[in-house]
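Enquirer: Listed here are the chains, written in short residue letters.
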Amino acid sequence: MMSHILKYRLKCFFRDRETLFWTLMFPLILAVLFNLAFSNLYKTEAFKDIKIAVADSAEYREDVIFGSVLEAVSFIDKGNGSAEGDVENGESESGGNNHFFHTLIAENRQEAQALLDNNSIYGYVYYDGGPKLAVRYSGIRQTIIKSFVDEYLQKSYAVNDIISRNISAGGQAGPYGTEDLYLKVASIASERAVFIKDVPASTEAPVSTVIYFYSLIAMAALYGGFWGIRAVSESQADISYQGARVSVAPVHRFKQLICDLTSAMIIQYAEILVLMIFIRYVLGYEFGSQTGLVLIAAFAACLMGISYGAFIGAAVRKSEGIRIAILIGTSMFMSFLSGMMSIEIKYLVVRAFPPVAWLNPSNLVSDAFYTLYYYDTYEKYYTCVAGLFAYAAVFGLSSWLLMRRKKYAAI
Amino acid sequence: MGNPVINVVDLVKKYGNLTALDHLSFMVAEGEILGLLGPNGSGKTTAINCILSLLKFEKGSIEVFGRQMSPDAYDIKRDIGVVMQNVAVFNELTVYENIDYFCGLYVHDKAVRKPYVEEAITFTGLKDFRKFYPKKLSGGLLRRLNIACGIAHKPKLIIMDEPTVAVDPQSRNNILEGIKRLNKNGATVLYTSHYMEEVELICSRIIILDKGKIIASGTKQELKAMIELGEKIRVEGVSLDDVLMEKIKNRPGILVADYRDRALEVRFAREGNGVLGLLNFLRDNGIEMGRLYSEMPTLNDVFLELTGKELRD
Numbered sequence: 001m002m003s004h005i006l007k008y009r010l011k012c013f014f015r016d017r018e019t020l021f022w023t024l025m026f027p028l029i030l031a032v033l034f035n036l037a038f039s040n041l042y043k044t045e046a047f048k049d050i051k052i053a054v055a056d057s058a059e060y061r062e063d064v065i066f067g068s069v070l071e072a073v074s075f076i077d078k079g080n081g082s083a084e085g086d087v088e089n090g091e092s093e094s095g096g097n098n099h100f101f102h103t104l105i106a107e108n109r110q111e112a113q114a115l116l117d118n119n120s121i122y123g124y125v126y127y128d129g130g131p132k133l134a135v136r137y138s139g140i141r142q143t144i145i146k147s148f149v150d151e152y153l154q155k156s157y158a159v160n161d162i163i164s165r166n167i168s169a170g171g172q173a174g175p176y177g178t179e180d181l182y183l184k185v186a187s188i189a190s191e192r193a194v195f196i197k198d199v200p201a202s203t204e205a206p207v208s209t210v211i212y213f214y215s216l217i218a219m220a221a222l223y224g225g226f227w228g229i230r231a232v233s234e235s236q237a238d239i240s241y242q243g244a245r246v247s248v249a250p251v252h253r254f255k256q257l258i259c260d261l262t263s264a265m266i267i268q269y270a271e272i273l274v275l276m277i278f279i280r281y282v283l284g285y286e287f288g289s290q291t292g293l294v295l296i297a298a299f300a301a302c303l304m305g306i307s308y309g310a311f312i313g314a315a316v317r318k319s320e321g322i323r324i325a326i327l328i329g330t331s332m333f334m335s336f337l338s339g340m341m342s343i344e345i346k347y348l349v350v351r352a353f354p355p356v357a358w359l360n361p362s363n364l365v366s367d368a369f370y371t372l373y374y375y376d377t378y379e380k381y382y383t384c385v386a387g388l389f390a391y392a393a394v395f396g397l398s399s400w401l402l403m404r405r406k407k408y409a410a411i
Numbered sequence: 001m002g003n004p005v006i007n008v009v010d011l012v013k014k015y016g017n018l019t020a021l022d023h024l025s026f027m028v029a030e031g032e033i034l035g036l037l038g039p040n041g042s043g044k045t046t047a048i049n050c051i052l053s054l055l056k057f058e059k060g061s062i063e064v065f066g067r068q069m070s071p072d073a074y075d076i077k078r079d080i081g082v083v084m085q086n087v088a089v090f091n092e093l094t095v096y097e098n099i100d101y102f103c104g105l106y107v108h109d110k111a112v113r114k115p116y117v118e119e120a121i122t123f124t125g126l127k128d129f130r131k132f133y134p135k136k137l138s139g140g141l142l143r144r145l146n147i148a149c150g151i152a153h154k155p156k157l158i159i160m161d162e163p164t165v166a167v168d169p170q171s172r173n174n175i176l177e178g179i180k181r182l183n184k185n186g187a188t189v190l191y192t193s194h195y196m197e198e199v200e201l202i203c204s205r206i207i208i209l210d211k212g213k214i215i216a217s218g219t220k221q222e223l224k225a226m227i228e229l230g231e232k233i234r235v236e237g238v239s240l241d242d243v244l245m246e247k248i249k250n251r252p253g254i255l256v257a258d259y260r261d262r263a264l265e266v267r268f269a270r271e272g273n274g275v276l277g278l279l280n281f282l283r284d285n286g287i288e289m290g291r292l293y294s295e296m297p298t299l300n301d302v303f304l305e306l307t308g309k310e311l312r313d
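Here the protein sequences line up with chains H and C, keeping their order. Position one of the first sequence corresponds to residue 1 (our numbering), numbered consecutively onward. Position one of the second sequence corresponds to residue 1 (our numbering), numbered consecutively onward.
If you are wondering where the hints come from, they were derived from the structure by calculation, not from laboratory data. A portion of the hints provided could be inaccurate.
Mimicking BS3-like on lysine-lysine, the simulated pairs with C-alpha atoms at most 30 angstroms apart in a straight line are [stated by the list, open to error]:
| # | chain 1 | residue 1 | chain 2 | residue 2 |
| --- | --- | --- | --- | --- |
| 1 | C | 249 | C | 232 |
| 2 | H | 255 | C | 211 |
| 3 | H | 7 | C | 136 |
| 4 | C | 131 | H | 7 |
| 5 | C | 136 | H | 11 |
| 6 | C | 184 | C | 224 |
| 7 | C | 154 | C | 135 |
| 8 | H | 132 | H | 255 |
| 9 | C | 247 | C | 220 |
| 10 | H | 255 | C | 249 |
| 11 | C | 110 | C | 180 |
| 12 | H | 11 | C | 131 |
| 13 | C | 154 | C | 220 |
| 14 | C | 114 | C | 59 |
| 15 | H | 407 | C | 136 |
| 16 | C | 224 | C | 180 |
| 17 | C | 220 | C | 184 |
| 18 | H | 7 | C | 211 |
| 19 | C | 114 | H | 11 |
| 20 | H | 11 | C | 135 |
| 21 | C | 114 | H | 7 |
| 22 | H | 7 | C | 154 |
| 23 | C | 59 | H | 318 |
| 24 | H | 318 | C | 114 |
| 25 | H | 255 | C | 154 |
| 26 | C | 184 | H | 255 |
| 27 | C | 131 | H | 407 |
| 28 | C | 136 | C | 154 |
| 29 | H | 7 | C | 135 |
| 30 | C | 56 | C | 14 |
Not everything, but these chain H residues come out facing chain C in the computed CB check (under 8 angstroms) [as the list claims (entries may be wrong)]:
| # | residue |
| --- | --- |
| 31 | 39 |
| 32 | 150 |
| 33 | 242 |
| 34 | 247 |
Across the chosen pairs, the derived CB separations fall in these ranges [claimed, not checked]:
| # | chain 1 | residue 1 | chain 2 | residue 2 | range |
| --- | --- | --- | --- | --- | --- |
| 35 | H | 376 | C | 108 | 48 to 54 angstroms |
| 36 | C | 3 | H | 7 | 57 to 63 angstroms |
| 37 | H | 318 | C | 15 | 16 to 22 angstroms |
| 38 | H | 7 | C | 68 | 33 to 39 angstroms |
By construction, the Cβ of each residue, glycine as well, lies at the ideal position given by its N, Cα and C atoms.
Let the hints inform the model, and build the full structure from the sequences given.
Expert: See the structure below:
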């Protein structure tokens with residue numbers, strides 16, 4: 001008999017176009033809109049090296065230490081310094097490397113100035129009693145170039161000072177000669193590139209845009225509550241006519257409810273998988289390489305969403321419209337807090353109200369996916385998934401406790 | 001009277017301060033069609049929901065097939081068919097699928113169930129609509145589907161709660177004929193309605209409810225015998241003056257006489273027949289007569305006399 005109920009409930013749910021719209025089509029439409037809105041953001045998030053130039057001169061060539069430090073952090077373009085085009089739009093040839101700078105060697109200061117004037121570079125270094133920086137505007141990239149030059153100058157002054165004091169004191173420069181010492185300093189300075197480089201926790205590039213899509217999946221999972229509400233409503237005699245008819249049939253209420261919720265779960269899980277396949281293969285956003293764990297997270301999210309809807313259906317003894325309004329309102333609010341509308345909100349909640357972030361089911365879903373995508377450790381993933389299963393258990397148990405009565409005071 | 005199929009004893013049900021069923025006791029015998037008649041709010045549906053163990057009640061006991069009824073009494077429920085007042089089907093399932101689904105809750109063997117479903121479809125005249133979704137059906141066809149879902153598993157007891165509400169006369173006749181056929185095939189029927197014509201037409205015994213109490217019960221003849229009213233006649237196209245009207249009112253056996261728009265309406269007492277005498281009186285006074293209508297007392301008249309109000313509240 002359970003297979004009979006399951007078969008027909010699946011048919012009912014599969015043909016329920018209105019709920020299918022909210023649980024499948026609406027998230028798909030939002031995914032497309034998100035993709036349109038965030039595709040540019042996605043591109044600009046990748047770090048691009050900064051185009052600069054060095055004005056060639058005798059003084060520059062003599063400063064071998066600066067040359068070697070610059071080489072350590074740059075892609076040196078020894079072409080001819082004739083790069084053209086807007087730096088904002090120009091793709092660096094060294095894209096994908098870990099260089100800070102794409103450095104052109106200009107023949108002289110005039111040529112470097114010309115490159116700066118036509119926006120081919122953000123700034124250039126020239127020598128006039130030491131390295132000097134010329135920029136046209138102020139901005140993040142210009143600040144990075146300036147910090148690099150300033151830091152080089154500070155370190156070289158410090159080293160010069162130590163060496164000069166050492167020599168004036170008649171001491172030896174240790175096992176190294178003066179030139180060796182300079183080169184050692186250059187080597188240390190070049191390690192700057194290592195100091196300021198992020199040490200990745202993952203082999204994946206950190207793309208915050210994916211969080212929007214993970215939050216969208218969380219919202220879609222919570223929208224599974226539509227199925228939960230329907231399943232619960234149609235098994236209660238005081239809420240629906242179908243519930244009354246089913247209640248007078250010789251079927252155990254628990255069996256009936258399990259069949260209804262299983263059907264709901266099957267439909268909802270299929271919908272979430274369709275959404276995830278769409279996001280992965282049509283829109284091109286990754287979920288990481290742990291497919292099995294991704295599927296488990298999706299399953300936990302669906303289970304949480306269905307049981308959340310069942311809980312609303314059992315606890316709110318109002319009209320269907322009110323129950324659906326509560327589901328949509330709370331789902332959207334939880335998704336909002338987990339960063340679906342603005343990622344800054346997610347960070348704000350994590351910083352200012354950490355318990356809200358831990359307790360927000362939508363946040364647990366998006367964090368579970370993000371952990372799988374970005375981190376190489378699974379501790380947080382397991383915490384999130386366990387949280388989702390715990391929510392499903394609490395909502396499911398509460399729903400059953402509210403529904404288990406067999407007779408009603410009024411119908 | 002056959003064995004009791006339903007036995008309700010001293011049933012009391014309250015909604016807050018409102019007493020919906022006030023020490024209600026009645027019995028439905030095997031093989032009969034018992035009509036529960038009463039205006040809206042009289043307690044008909046509440047009584048049915050108590051019998052089906054859907055509602056809690058304050059006092060009383062309910063036995064079905066000689067056993068105490070409870071929500072877990074699946075062996076009893078298996079032999080009951082319920083046709084709810086409201087259409088309770090799934091809009092996403094076709095006519096066939098709806099009947100098969102609800103029948104399947106009672107009959108688990110698919111091979112046994114299939115002919116049952118086909119029979120219910122034929123019985124309710126839904127053969128041409130088996131692949132239709134409920135939204136495509138008219139009100140009458142929906143009601144028939146509702147009935148088919150309730151009776152497909154061939155129950156011994158059928159409880160019908162106002163199954164013909166908002167149904168066109170043609171479909172209503174079809175439904176009523178069907179109920180009579182079900183009864184003829186052996187089913188006991190408890191039928192509620194506020195349409196006295198329906199109850200008069202199909203019920204072998206009638207209980208009249210008002211404010212949760214039984215105010216009368218018996219066969220329709222027994223009920224009509226409880227009141228003083230007799231035949232009512234209406235004579236159209238007559239010209240009467242006040243003197244003649246006064247004489248008519250004073251004739252023996254006449255309870256009420258009214259003259260309006262050249263039509264005379266007279267209600268006689270149950271005992272004796274003064275119709276012929278009245279017609280002779282009119283002829284003797286040179287009164288020309290047009291059409292003549294005669295009407296026996298109805299259950300509405302019974303209800304009116306017992307409660308002082310119309311049945312269709």
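Enquirer: All the hints need checking, so say for each whether the structure fits it.
Expert: Hints versus structure:
With a C-alpha separation of about 14 angstroms, the suggested pairing of residue 249 of chain C with residue 232 of chain C holds against the 30 angstroms cut-off. Between residue 255 of chain H and residue 211 of chain C, the direct Cα distance comes to roughly 38 angstroms. Violation of the 30 angstroms bound is thereby established for this hinted pair. For the proposed pair residue 7 of chain H and residue 136 of chain C, the alpha carbon gap of about 23 angstroms is at most 30 angstroms, so the pair holds. For a cut-off of 30 angstroms, the pair hint linking residue 131 of chain C to residue 7 of chain H stands: about 17 angstroms separates their Cα positions.
Distance hint between residue 136 of chain C and residue 11 of chain H is fulfilled; the C-alpha atoms sit about 18 angstroms from each other, no more than 30 angstroms. Distance hint between residue 184 of chain C and residue 224 of chain C is fulfilled; the C-alpha atoms sit about 25 angstroms from each other, no more than 30 angstroms. Proposed proximity of residue 154 of chain C and residue 135 of chain C is supported: the alpha carbons are some 26 angstroms apart, at most 30 angstroms. Pair hint residue 132 of chain H plus residue 255 of chain H does not hold up; C-alpha atoms about 80 angstroms apart against a cutoff of 30 angstroms.
For the hint pairing residue 247 of chain C with residue 220 of chain C, the CA-to-CA distance comes to about 34 angstroms; that exceeds 30 angstroms, so the pair is violated. Of the supplied pair hints, the one linking residue 255 of chain H and residue 249 of chain C is violated, its CA atoms being roughly 70 angstroms apart against a limit of 30 angstroms. The hinted pair formed by residue 110 of chain C and residue 180 of chain C meets the criterion: a straight-line CA distance of about 28 angstroms does not exceed 30 angstroms. Distance hint between residue 11 of chain H and residue 131 of chain C is fulfilled; the C-alpha atoms sit about 14 angstroms from each other, no more than 30 angstroms.
Distance hint between residue 154 of chain C and residue 220 of chain C is fulfilled; the C-alpha atoms sit about 28 angstroms from each other, no more than 30 angstroms. A C-alpha spacing of about 42 angstroms is found between residue 114 of chain C and residue 59 of chain C, which places the hinted pair above 30 angstroms, so the restraint is violated. Taking the CA atoms of residue 407 of chain H and residue 136 of chain C, the gap is near 34 angstroms; set against the 30 angstroms cutoff, the hint is violated. The hinted pair formed by residue 224 of chain C and residue 180 of chain C meets the criterion: a straight-line CA distance of about 22 angstroms does not exceed 30 angstroms.
Between residue 220 of chain C and residue 184 of chain C the CA atoms are separated by roughly 19 angstroms; this keeps the pair inside 30 angstroms, and the hint holds. Only pairs whose Cα atoms come within 30 angstroms are accepted, and residue 7 of chain H paired with residue 211 of chain C is rejected, the gap being roughly 44 angstroms. Pair hint residue 114 of chain C plus residue 11 of chain H holds up; C-alpha atoms about 19 angstroms apart against a cutoff of 30 angstroms. Distance hint between residue 11 of chain H and residue 135 of chain C is fulfilled; the C-alpha atoms sit about 16 angstroms from each other, no more than 30 angstroms.
Taking the CA atoms of residue 114 of chain C and residue 7 of chain H, the gap is near 16 angstroms; set against the 30 angstroms cutoff, the hint holds. Straight-line distance between C-alpha atoms of residue 7 of chain H and residue 154 of chain C comes to about 23 angstroms, which keeps the hinted pair within the 30 angstroms bound. With a CA separation close to 29 angstroms, the supplied pair residue 59 of chain C and residue 318 of chain H stays within the 30 angstroms bound. A C-alpha spacing of about 38 angstroms is found between residue 318 of chain H and residue 114 of chain C, which places the hinted pair above 30 angstroms, so the restraint is violated.
For the proposed pair residue 255 of chain H and residue 154 of chain C, the alpha carbon gap of about 23 angstroms is at most 30 angstroms, so the pair holds. Among the hinted pairs, residue 184 of chain C with residue 255 of chain H is inconsistent with the structure: their alpha-carbon atoms are about 36 angstroms apart, more than 30 angstroms. Restraint check for residue 131 of chain C and residue 407 of chain H: not satisfied, since their Cα atoms lie roughly 35 angstroms apart, outside the 30 angstroms limit. Our distance criterion of 30 angstroms between C-alpha atoms is met by residue 136 of chain C and residue 154 of chain C, whose separation comes to about 27 angstroms.
Under the criterion of a C-alpha separation no larger than 30 angstroms, the hint pairing residue 7 of chain H with residue 135 of chain C is consistent with the structure, at around 21 angstroms. Taken as a hint, the residue 56 of chain C and residue 14 of chain C pair is honoured in the structure, with Cα atoms around 9 angstroms apart against an allowance of 30 angstroms. With a least beta-carbon distance of about 38 angstroms to chain C, the hint placing residue 39 of chain H at the interface is violated under the 8 angstroms criterion. Using the Cβ-Cβ criterion of 8 angstroms, the hint placing residue 150 of chain H at the interface with chain C is not satisfied: the shortest such distance is roughly 71 angstroms.
The interface hint given for residue 242 of chain H holds, since its Cβ lies 5 angstroms from the closest Cβ of chain C, which is under the 8 angstroms cut-off. Among the interface hints, the one on residue 247 of chain H holds; its C-beta lies about 6 angstroms from the nearest C-beta in chain C, closer than the 8 angstroms criterion. Remark: the range hint 48 to 54 angstroms for residue 376 of chain H to residue 108 of chain C is upheld by a beta-carbon distance near 52 angstroms. A hinted range of 57 to 63 angstroms is violated for the C-beta pair residue 3 of chain C and residue 7 of chain H, which are about 39 angstroms apart.
Between residue 318 of chain H and residue 15 of chain C, the C-beta spacing of about 19 angstroms keeps the proposed range 16 to 22 angstroms intact. Between residue 7 of chain H and residue 68 of chain C the CB atoms are about 34 angstroms apart, so this pair conforms to the stated range of 33 to 39 angstroms.
Checked against the numbered hints listed earlier, the structure breaks hints 2, 8, 9, 10, 14, 15, 18, 24, 26, 27, 31, 32, 36; every other hint is satisfied.
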